[in-house]
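Sequence order for the protein chains is A and B.
Counted the way this note's numbering counts, the first sequence spans residues 1 to 115.
Counted the way this note's numbering counts, the second sequence spans residues 1 to 113.
Just so you know, these hints were derived from the structure itself, not from any lab.
Each hint should be verified, as a subset may be incorrect.
[Claimed, not checked] Heads up, simulated DSS-like pairs for lysine-lysine below, C-alpha to C-alpha not over 27 Å straight-line: (1) B:K14 - A:K42; (2) B:K20 - B:K66; (3) A:K56 - A:K42; (4) A:K67 - A:K56; (5) B:K14 - B:K64; (6) B:K41 - B:K14; (7) B:K41 - B:K20; (8) B:K64 - B:K20; (9) B:K41 - B:K64; (10) B:K66 - A:K42; (11) B:K20 - A:K42; (12) B:K14 - B:K66; (13) B:K41 - A:K42; (14) A:K42 - B:K64; (15) B:K66 - B:K41.
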Amino acid sequence: QKEVEQNSGPLSVPEGAIASLNCTYSDRGSQSFFWYRQYSGKSPELIMSIYSNGDKEDGRFTAQLNKASQYVSLLIRDSQPSDSATYLCAVPPGPFSGSARQLTFGSGTQLTVLP
Amino acid sequence: GAVVSQHPSWVICKSGTSVKIECRSLDFQATTMFWYRQFPKQSLMLMATSNEGSKATYEQGVEKDKFLINHASLTLSTLTVTSAHPEDSSFYICSARDWAGYTFGSGTRLTVV
Numbered sequence: 001q002k003e004v005e006q007n008s009g010p011l012s013v014p015e016g017a018i019a020s021l022n023c024t025y026s027d028r029g030s031q032s033f034f035w036y037r038q039y040s041g042k043s044p045e046l047i048m049s050i051y052s053n054g055d056k057e058d059g060r061f062t063a064q065l066n067k068a069s070q071y072v073s074l075l076i077r078d079s080q081p082s083d084s085a086t087y088l089c090a091v092p093p094g095p096f097s098g099s100a101r102q103l104t105f106g107s108g109t110q111l112t113v114l115p
Numbered sequence: 001g002a003v004v005s006q007h008p009s010w011v012i013c014k015s016g017t018s019v020k021i022e023c024r025s026l027d028f029q030a031t032t033m034f035w036y037r038q039f040p041k042q043s044l045m046l047m048a049t050s051n052e053g054s055k056a057t058y059e060q061g062v063e064k065d066k067f068l069i070n071h072a073s074l075t076l077s078t079l080t081v082t083s084a085h086p087e088d089s090s091f092y093i094c095s096a097r098d099w100a101g102y103t104f105g106s107g108t109r110l111t112v113v
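Excised from the complex, chain A in its bound form:
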């Protein structure tokens, strides 16, 4: 089992629709979760972080975390063509893993918002 898995893409949604991106993780000790957006040829940029169960909203973005199910998602409301990018779920290991706390990335979901 991969440490961080994302729903396979690519994902296409019409402009104005809701895009839903999903991610599961294997380390039950993980306490922080990140969503990054990566445009082609660019490095990742942080768009959401979440630490507690439930929803966290920031503008058009909502992150949802369910630690019992080891599941984290990202919803993008009113999707715009400029949201077209690859979205990466990233999870650092839990505090007792003994590692250096590096991020483990999912394979990414390529989102295309159609005008």
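Chain A is fixed; fit chain B onto it per the hints.
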């Protein structure tokens, strides 16, 4: 927010030569710097973790003698690709932990010809 400055943003080198990539944390001290490599259409793969003042820790399958990492200060980490070959052509990205999470450099596109 936290900024990690990475240079150069792109480089073309001849096979057999060495290339150095620098990452500087501009407004925070980066005790640990992570180096990733990304091939086209793939996700980021961790190559190594560098710690200020000590030897880097390399991931399995990454040649430490080929990818030399130096983290001599709390604000500077360098990755040197030695004796580069075309298969080393990739997008190299550094990252450091800051107060908000993890900040990434802008990446270096290396092309070996």
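The hints, checked one at a time:
Using a Cα cut-off of 27 Å, the hinted pair K14 (chain B) and K42 (chain A) holds, with the two alpha carbons roughly 24 Å apart. Proposed proximity of K20 (chain B) and K66 (chain B) is supported: the alpha carbons are some 12 Å apart, at most 27 Å. The straight-line distance between the Cα atoms of K56 (chain A) and K42 (chain A) is roughly 26 Å, inside the 27 Å bound, and the hint therefore holds. Taking the CA atoms of K67 (chain A) and K56 (chain A), the gap is about 14 Å. The hint holds against a cut of 27 Å.
The hinted pair formed by K14 (chain B) and K64 (chain B) meets the criterion: a straight-line CA distance of about 21 Å does not exceed 27 Å. Taking the CA atoms of K41 (chain B) and K14 (chain B), the gap is about 24 Å. The hint holds against a cut of 27 Å. Between K41 (chain B) and K20 (chain B) the CA atoms are separated by roughly 24 Å; this keeps the pair inside 27 Å, and the hint holds. This hinted pair checks out: K64 (chain B) and K20 (chain B) have alpha carbons roughly 14 Å apart, not beyond 27 Å.
About 25 Å separates the Cα atoms of K41 (chain B) and K64 (chain B), which keeps this hinted pair within 27 Å; it holds. The suggested pairing of K66 (chain B) with K42 (chain A) holds, with an alpha-carbon distance near 25 Å, which does not exceed 27 Å. The suggested pairing of K20 (chain B) with K42 (chain A) holds, with an alpha-carbon distance near 19 Å, which does not exceed 27 Å. Our distance criterion of 27 Å between C-alpha atoms is met by K14 (chain B) and K66 (chain B), whose separation comes to about 15 Å.
Restraint check: the Cα-Cα separation between K41 (chain B) and K42 (chain A) comes to about 13 Å, which is no more than 27 Å; the hinted pair holds. A C-alpha spacing of about 26 Å is found between K42 (chain A) and K64 (chain B), which places the hinted pair at or below 27 Å, so the restraint holds. Under the criterion of a C-alpha separation no larger than 27 Å, the hint pairing K66 (chain B) with K41 (chain B) is consistent with the structure, at around 24 Å.
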